[in-house]
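Student: Whole structure, please, built from the sequences with the hints as guidance.
Each residue of the sequence shown is one higher than the one before, counting from 1 in the numbering used here.
Don't read these hints as lab results, they were simulated from the structure.
Since this is a predicted model, take the numbers as computed values, not measurements.
For every residue, glycine included, the Cβ atom is placed at its ideal position computed from N, Cα and C.
It cannot be assumed that every hint is accurate.
Now the in silico label distances, taken between C-beta atoms and shown as ranges [stated by the list, open to error]: (1) L84 to C31: 21 to 29 Å; (2) D83 to G42: 18 to 26 Å; (3) I13 to N65: 18 to 26 Å; (4) R34 to I54: 26 to 34 Å; (5) F35 to G88: 36 to 44 Å; (6) A61 to S18: 16 to 24 Å; (7) D6 to H85: 39 to 47 Å; (8) Y12 to F35: 15 to 23 Å.
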Amino acid sequence: MTSDPDQAGILYIEDGGSGDVEGVVEFVLMCARRFDLAGFWGFQYANMCSHSRIDGFGGGAYLLNLTTRETVSWIGTHEWLEDLHTGGAAHA
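Tutor: What follows is the structure, encoded as structure tokens:
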């Protein structure tokens, strides 16, 4: 977290290894329960790799409802692209 007033409300979470997006969701919803937070909160994430791999890069985003403690929606670029490529219409 930051103490810069221009950056208030920003939470930065990083994992130098293999990140756990579901762990971030669980952590934020736990904070929402503990501190009785309300409203919506969202985040983006990036998947990166130290060398070229077909599935080594991508990302996604989540939108959480802190009031109901639920995931409103999420998208992962790999799933989105595969679904559209195979004729689906997810998130289109």
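Student: If a hint holds in the structure, say so; if it does not, say that too.
Tutor: These are the hints, each one checked on the structure:
no.	hint	in the structure
1	L84 to C31: 21 to 29 Å	violated (34 Å)
2	D83 to G42: 18 to 26 Å	holds (21 Å)
3	I13 to N65: 18 to 26 Å	holds (19 Å)
4	R34 to I54: 26 to 34 Å	violated (40 Å)
5	F35 to G88: 36 to 44 Å	holds (38 Å)
6	A61 to S18: 16 to 24 Å	holds (19 Å)
7	D6 to H85: 39 to 47 Å	holds (41 Å)
8	Y12 to F35: 15 to 23 Å	holds (18 Å)
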